[in-house]
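J.: Listed below are the residues making up each chain.
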Amino acid sequence: MSEIDRGHLPIRRPAFSGVVNRTLQGSQPDWDLIAHPTPPEGAPNVLLVLIDDAGFGNPSTFGGPIQTPNYTRIAAGGLRYNRCHVTALCSPTRAALLTGRNNHAVGFGSVGEFAGGFPGYSATLPRDCAPLPRTLKENGYSTAAFGKWHLTPDGQQGPAGPFDRWPNGWGFDYFYGFLGGGASQWDPCLAENQKIIGTPSEFYDEEHPYYFPDAMADRTIEWLHGVRAQDAHKPFFAYFSTGCSHAPHHVAKQWAEKYRGKFDQGWDKLREETFARQKELGVIPADTELTARDEAFPAWEEVPDKLKAFYARQMEVYAGFSENADHNVGRVIDAIEELGELDNTLIVWIWGDNGASMEGTVTGSFNELTMQNGIPLTDEMQLQLSERYGGLDQWGAAIMDPHYSAAWAWAGNTPFQWGKQVGSHLGGTRNPMVVHWPARIKDAGGLRTQFTHVIDLAPTILELAGIPAPDTVDGITQEPLHGSSFAASLTDGDAPEHRTQQYFETIGNRGMYKDGWWLAMKTARVPWVITPDALKPYAPGVWDPDAGPAELYYLPDDFSQAKNLAAAHPEKVQELKDLFWAEAERYKVLPLLATLSTFFGMVPPIPKETKFEFRGDVQNVLSGMIPRIYNRSYSITADLVVPDGGAEGVIVAEADHLGGFTLYVKDGKLTHTYSMMGVFIFQQVAEENLPSGEVTVRMEFAADAPKPATGGDVTLYVNDRQVGKGRMDHTVPIRFSGYAGMDIGRDNGGVVDRAYEDKKPFAFTGTVKKVVFDIEPHAAAQDELDVHTAEQHGQAAHALSE
Amino acid sequence: MKIDDEATDVLIGGYLSAEAAHEDYEAVLGCGERLWGAVVVSKDLDRTVSLEQSDHTVEEGAAGLAGVGFVVGLFAPPLLAATAIGAALGAVGGKALHKKIGSSVEKMAEETIPIGGAGLIVAYPRSAAGKLEPAVTRAIQKVVGEAEGHHVKALKGALADAEKKMAEESGNG
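Residue numbers (our numbering), protein chains in the order written: chain A, 1 to 802; chain U, 803 to 975.
Please note: incorrect hints may appear among the correct ones.
Here are the simulated lysine-lysine pairs, DSS-like style, with alpha carbons at most 27 Å apart [to be verified]:
#1 LYS563/A <-> LYS279/A
#2 LYS234/A <-> LYS442/A
#3 LYS669/A <-> LYS760/A
#4 LYS933/U <-> LYS308/A
#5 LYS933/U <-> LYS306/A
#6 LYS588/A <-> LYS608/A
#7 LYS967/U <-> LYS707/A
#8 LYS669/A <-> LYS769/A
#9 LYS253/A <-> LYS279/A
Hints listed in this document are in silico derivations from the structure and should not be mistaken for laboratory results.
All figures in this text were calculated on a predicted structure; none of them were measured in a lab.
The following block holds chain A by itself, in its conformation from the complex:
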């Protein structure tokens, strides 16, 4: 076969080199016709592991309190990188990692849920930026992704696609996971390839309940076995992207119990302990200083004694959850070893995509969506709500969707300042990385200090595989990769810095790195506060990005950004400011704060559809795609067939008991239950039994006022006759759930009303022919616009928490 042109993908099939005559007489076959492209000789398998919402100071491998024996095992056989950088937000890091290009340049200045109207924020991959899995696949790799995706726009996650924004469209042969930013680990609403498959049936097995991290590892191993059963040599690229340690922090009690009492000392002391271990391990320089606590985080000693157990349990569960992730990655590595391929598998394992998440606010929450719906609950309220759902022993179980306190996240980012969303500081931008490849790495257990960024992964993997970045894909000329390979550092600890310059930007927080210097420009806003008042200083015409405080650090002498040198080097500050603006323009970072444009009057058009029809077999409508019933009057009408003797079951249900609604029949009565994020629960029950035959039922909600979270009256009808009524004093203003779906004719996954918990999914025993939502826009156009705008604010806040 002639030399393969890998610069233009897909690789052209070779021309037929045989002979074709009118008959087989004299004809000669060319067996290469049915061959497929193969990678260059020696191209390794690749396992790319990404842990979610975790910090530099979390895993024990880097001095943290969370036991990560598998991470340590791989580090001992490979290399630890202590200057690996991410983007301070979920989707942007993933987009950069999988494309080898800066996140804004590929449309991911923000998260997948929040597709904005500027090129750097469209959440839509440009066709001139083909991602790594596509390149590997076209070059003969088997490719698969497992776990969290978070690169598909919110409203495009159903059977209508478009599927070029789904994992298969990015070049993965196989996908098993969830499309959003987070998922319940007990009853996730999953996708497999191009179909939403909902909650696995094993969820209903009480003896052996489904647990997504276990299933992720199972599916990965099964896929590896399948690939090897078919082809003993074809290299694989497996992207293993855990839902852990993103909220909800779900893990079986025995994992959390390993940490009981381990965090009673509080976050301040925990930082000191972690810092000491980091020095002892040598993963940070001996002269590193521990950065100080910002006043946004309370001191542990200020926490009332009666609440300390509440806070400590939050971290115990997070730690158990994280250790479980290490365990399951270990299972996958064991499977590769058992196949005899560990030596020739390049493992890249990054512990965190944006530092640990501070989005639990100071209190933490029994239900992370309460924060995203703008319901500020005190820690005592949070504690009581957790008691309502079973108490601290159930923190981590399916009955809650917990998130820990921002102060624990800060401790997880030791020795740095801040965390997720703060692109100006290392707490949000520096995470541990371990690289393992025995066939190439001879300095097992070594430490590497080269300044590395996730955009460098793709060029490194391609170089190690001997595959060039393509010049064209599908005939489209490609944007060159922005990353630089660090392959040389695998074999040479003294390899020169491959990256001397890098910009960072997340929600207006900016960093500019060059030749060791780091300019940090953080907005004054506390990361977890996204209220109109907090954003007023950033309004167009008000905010001058250059006028804010600038910090300057010299990282070769100051690993943790503890010594601000800005006052002593104003010329360097100005140089890096100028460089940032140039880079921002080059990589589509502008306009700054595009992520928050809805707060400043730039809202997407109000959708025109007011009627939504669902036939009886529609299930697992993802949470961002349900009818927009929030903050308005609406009705739900269902055409049913009720057999003689009656029927029972769910007609339509959205999400679960921690936020959702359900219209169902039980004991012969039409019933509507509405959970306002698990804080308030409202119920209306018909006063008479449902008749048999063709029946139309209707629930009408009449909003009190055109305002977010409006209360209103509920009326139930059967065949247009009123059969029940009631009040809902508060409604969900923004979003019921980040991950649970809506179902017709049943309530998949965790149920909305626990009155039918023992019958879940409580499928309707008659026939649901059709369910229709009618949304009633507010009469005054300004009212409708105001409500729409408020919803967009909330969606932005929600998105930034994913």
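Add chain U to chain A, keeping to what the hints say.
T.: Frame of chain A; chain U shown alone:
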């Protein structure tokens, strides 16, 4: 001292969990002060109402604390867009004899206690306030009504005062 010899205070506490309300109920009973009575009522996620009471007002000739009225308010958290959720609030008046207190309160709670919520009512002589009120540490919302006069009238007056304050504090006033 009998109930009609001293001014009466009534404390109402609102809770998001039965456990928190019960802790305060136990704390009140154990604070070492005299009280006329205390009632804690909760409604769990299955809508089951539970009641516990230590009601001395009947012994003192009053109609029974929980039978006089019952209101539980809950907090009013501001929302993201600078709006406010009103309070989950209900009010039920009525009278009941001591023997019927249990069932009548449960019925009232059915209508007034939010699902998953709980309420605490404590009636006590004003002289006990200094020790008793600090014992209530977990209420999300806590108000104290005051009244003077004849025992039943005083109790009703204090309760009505507390209800009014609770409603005002919850934004429904």
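J.: So if I understand the rule, the pair passes when the alpha-carbon distance is 27 Å or less; does LYS933/U with LYS308/A pass?
T.: 25 Å, holds
J.: Does the structure keep LYS669/A and LYS769/A at a Cα separation of 27 Å or less?
T.: 19 Å, holds
J.: Mind checking the alpha carbons of LYS933/U and LYS306/A for me, to see if they're no more than 27 Å apart?
T.: Given pair LYS933/U, LYS306/A holds - Cα atoms ~19 Å apart, limit 27 Å.
J.: For the pair we were handed, LYS234/A and LYS442/A, check the Cα-Cα distance against 27 Å.
T.: 25 Å, holds
J.: Do the alpha carbons of LYS253/A and LYS279/A lie within 27 Å of each other, as the hint requires?
T.: Outside the cut-off at roughly 32 Å; violated.
J.: Quickly compare the C-alpha distance for LYS563/A and LYS279/A to 27 Å and report which way the hint goes.
T.: The given pair, whose Cα atoms are some 18 Å apart, holds under the 27 Å limit.
J.: Below or equal to 27 Å on CA atoms is what counts here, so check LYS588/A against LYS608/A.
T.: 31 Å, violated
J.: Taking 27 Å as the top limit, are the C-alpha atoms of LYS669/A and LYS760/A close enough?
T.: 18 Å, holds
J.: Between LYS967/U and LYS707/A, is the straight-line Cα distance small enough, at 27 Å or below?
T.: Distance ~26 Å between LYS967/U and LYS707/A Cα, so the pair holds.
Hint compliance for this structure: hints 6 and 9 are broken, all remaining hints hold.
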